[in-house]
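Required output: the full structure, derived from the provided sequences and hints.
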Amino acid sequence: MKYTYYPGCSVKSTANLYQESIDAVVPAMGVELEELDDWNCCGATAYMSVNEMMSFAISARNLAMAEKFHRDVVTPCSACYLVLNKTNRYFNDYPEVRKKLGVALEAGGLSYSGNIRVRHILDVIINDVGLEKITGLASRKLEDLNVAPYYGCQIVRPMYYGFGAGEENEEGFDDPDDPVCMDRLIEATGATCVKYSMKTKCCGSSLIGTEEKQALKLCRGILADAENNGAHCIVTICPLCQMNLDVYQPKVNSLFGTKFDIPVIYFTQLIGLAMGKQPKELGLERLAVKMTRPMKQILQGA
Amino acid sequence: MSERIGVYVCHCGTNIAGRVDIDEVVEFAKGLDAVTLVREYKFMCSDPGQSLIQKDIEDGLINRVVVASCSPLMHEKTFRNVCTRGGLNEYLFTMANIREQCSWVHVDVERTTDKAKGLIEAAVRRTRLQEPLTKREVPINPRTLVIGGGIAGIQAALDLAEAGKKVVLVEKEPSIGGHMAKFDKTFPTLDCSACILTPKMVSVGQHENIELMSWSEVEDIGGYVGNFNVTVRKKTRYVDADLCNGCGACWEKCPGTRVPRKGNVHEKLSIGPTTSIYIPFMQAVPAIPVIDADTCIRFKNGKCGICAEVCERNAINYDMEDELIEFEVGSIIIATGFQTFDPTPIKRYGYGKLDNVLTAIEFEIMNCASGSTGGNIRMADGSEPKSIGIVHCVGSRDKHYHEYCSRVCCMYALKYSHLIKEKIDAEVYEFYIDLRCFGKGYEEFYDRLLGEDVRFVRGKVAEITEVPIEEAEKGKLVVEVEDTLVGKVRRIPLDMVVLCTGLEAHESLADIAGLCSVSIGKDGFIIEKHPKLGPVATTTDGVFIAGACQSPKDIPDTVAQASAASSAVLSMITREKIEIESATASVDEDKCSGCKICNSLCPYLAIKYDEEKGVSVVNEALCKGCGTCAAGCPSNAISAKHFEDRQIFAEIEGILSA
Amino acid sequence: MTFEPKIVGFLCNWCSYTGADLAGTARIKYAPNIRSIRVMCSGRIEPTFIMKALYEGADGVLIAGCHPGDCHYQEGNYKALRRHRLLKRILHEYGVEPERVRLEWVAASEGERFAKIVDEFTDQIRELGPLGIKDSLAEAMKDDIDPHEADKEESGVANEA
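Protein chains in written order, with the working numbering: chain V, 1103 to 1404; chain G, 20 to 677; chain L, 37 to 197.
Hints are computed from structural coordinates only; laboratory data are not their basis.
By construction, the Cβ of each residue, glycine as well, lies at the ideal position given by its N, Cα and C atoms.
Hints may contain errors.
Stated by the list, open to error - Residues from chain L shown here face chain G by an in silico Cβ test under 10 Å; the list is partial:
1. T38
2. E40
3. C51
4. T54
5. I64
6. K65
7. Y66
8. S72
9. V75
10. E82
11. F85
12. P166
To be verified - Beta-carbon label-pair distances, calculated as ranges:
13. S605/G with R125/L: 53 to 59 Å
14. P1197/V with T38/L: 18 to 24 Å
15. S619/G with G1232/V: 47 to 53 Å
Structural data, given as structure tokens:
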């Protein structure tokens, strides 16, 4: 299974541990990711709210370049997933947007027909690789590890094309109010999935630079709910969520007087652990909140 | 006799004249073949307008009529009657619809006028070829079928029975009473639901003119107005209704259980006996129990038989089977009522996941004095809540579920507030979008509640969560809502939340509507004959509607509509005869080759093959005039009267000529 | 000047004609190109009606009936569907693009949908251009176009057979 890979800026810098874990696990699943040559920013962050059309144009350049390979585009980042899909949707649904983007692309010697499907790597692993394959690859016993799946707010938004379905699917990735696909994935790795309410609540990452206290308040809610339900760690699929919940956890503690000590890892790291890989191969030693003692003990099978 | 057609062009005030150049149309019509007279008038449907036509016919100026005005669905009958009064066969008349499908939907005056001309020429050409048809009448069976035994069906059945007419009331549950039998109090007067309903239920059970078929379902309906053939499935009760005297010994001793014995207060919510042999509530009519075969120990493993042992009248019969009963009626009243919206799909509200989030109907049962909590308001763990939130418009006024307003929720929510205050004096929050208190005494009731210390928060609830942020929220349900009057998002910790689930069409309604050939609207409810002027009739003659099968309704409106439906039936029965479709199909026996293709095309089995003559014959009493046989006949032997090929061809020529 | 196609609509009385009336009551505007003929049921519509309409100068024909399962006469719309499919198969033999004849389900509550269909269909026919094959059609259809006319001419022959 070969895909065009759109990494996005995060995994190439702050979230390079995400990239390392992806590299470590996907070959065993038979997934081949060929990075799109000369890709650029997806158009997320400030672009989208300040100048939407500019954001679409930037985004569309990636789609136009990917089109010639006639393969699905896969991205590990929820923000890229959202923006690329939004661009696709607007390009296909609004003739005036299509026209403007056509002009912009032409200036760069490109054209786009609107036929590229953009998918999240979680979608590919769950629907193309399949949970049975994951279970087959799992060798380490993880049943004592309580994992809280954190979907974040972007991947579940219903207005974009969902996985495993064509343009008709308005439902999106999973049930927007109560997604369960990562729950199933956690169970497939052999770990125990923690049920909690905040799995799709915003982590506040887009506010962290401007309204830090509000952002930290949002982090606190997620961390508290996961902790109250007995989670050893939180598993996420988005570099922005991971950074916010991980790097800012000490700040949450000092601001609200809490004592959270919950590692926040990527779902590919969890899969890697299940496959028996060493934490170091998966970039786990570079987490801000280090793996806790109980977690290490479970990993060592003690 | 040569055709002399009179064309009458209606202005309909400015409705037509505003878009169609009437003078031009009149001049055009004058030039058409066989047209001897053209008149225009402001309102053709008015008395003077009708008299114009009648007089022209009586004076012998015309012998065919075309009226260019509104839709035939609106006034065809009016003008047909004019023809009859003037002494002209009503089938020598045609309407050209230059309003609904012309002046109201187009903008350009020139093109709209052109289209009006085309429609008039089509009508004129067709009218030339029309033939007089004789009216047909059939006798009306004075018996009526009422489907559904809630308050609507009960009221309709009683009205008819009191007038001395026979009624068959079919109810699919073991007892009549419907939703109203589950309620404790009714808004806004707070009179006891059982106290006002029970006497009516008893009258139904005892009335000599009402044949009550409870625990029964309508399986098939055939025939036509005045003469419907009905098949009802009487589901087996495993109790012989003729022997049982409703003493209750069986359900007192039954060891089986329909309602879980374990679980929290909310899981065990119920009214009436919870055993496997049961009556749904103590005032049930008929008071004859039913065995729930899914939970009965006898049916599971054959090891019980206690009910049969304790029954002194030997009424229990485990070998009983469903019975199919066929009978005839002249008219039908559909009164299938509603079901409440299931809020499970709205995951944000946590119904089914969070204890102490209840639906309105569950809260209603909890308040019912004969319910499992004895009318006490309790949390899942059995304790008394200190604060309760009431969330309006759950599943109603919501594009994802039902766009319409369910009309009753605001008022029952206010009723709950009052009951809560009266019973436990807990803190009450009402989360509403708009308060719609439109009925008699409703606004006054709202005003009264404002003085009872109920908190009203205007805003649609975003989420109900058990995850606390502040200390005060621990162990509570937190309702997150934007208070649109304050302009702030609020988080309100509460002990219990009641979801005001909307009303939706009953799941069985689509089937019943199909059996009666009436249409269902996109909201799931039955489409009435006319939204304003025909609210109890349907597009099928002889089929009427009452209550929430048409749209959500409160009890006063339901009772009013039920009485209206029964009086519509009465006025039909009193006529004793009814006119039926004259425009049937007929076979030209000289042309018929006896291929029998039409026999199988007819949905009403109205065409039979006559072995002796070797041709197919139409039974005109059964034919409804759809014309599919005429379209399918390979030798053009069947013609659909009033829609003959040559008439339609003339219409096509006319419509394309101008 | 842009080409304004002539479109004939055949609407069933119970659903589609009522739906078209509803568009009127709600004052929804649509293209005036369509002129409709009311029949009791879409099952009444014979393929010859459509051929006749095309022969008389229609550039497109819209047939509308109740949604499947909603037919006032139980199943007339299914028959309309079958006849429509058969007709589409032979239309091109007469040199008529099959897209010129369209079958749609319009319920009594779907006034807005009716207007939308008419507008869309009008645009589609406008793009196809005038039918303009009246002569060849006339030749091909001379025996079928009016069965009653044909009957008159052939009555003598029919008796012999």
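How the hints compare with the structure:
1. T38: violated (12 Å)
2. E40: holds (8 Å)
3. C51: With a minimum Cβ separation of about 7 Å from chain G (threshold 10 Å), the hint on C51/L holds.
4. T54: Since the shortest Cβ distance to chain G is 6 Å, the answer is holds.
5. I64: holds (6 Å)
6. K65: Given a least distance of 6 Å, the restraint on K65/L holds.
7. Y66: holds (6 Å)
8. S72: holds (6 Å)
9. V75: holds (6 Å)
10. E82: holds (4 Å)
11. F85: holds (6 Å)
12. P166: violated (13 Å)
13. S605/G with R125/L: 53 to 59 Å: violated (31 Å)
14. P1197/V with T38/L: 18 to 24 Å: Check passed, 20 Å falls within 18 to 24 Å.
15. S619/G with G1232/V: 47 to 53 Å: Taking Cβ atoms as reference, S619/G and G1232/V lie about 50 Å apart, which means the hint holds.
The structure fails to meet hints 1, 12 and 13 from the earlier list, while all remaining hints are met.
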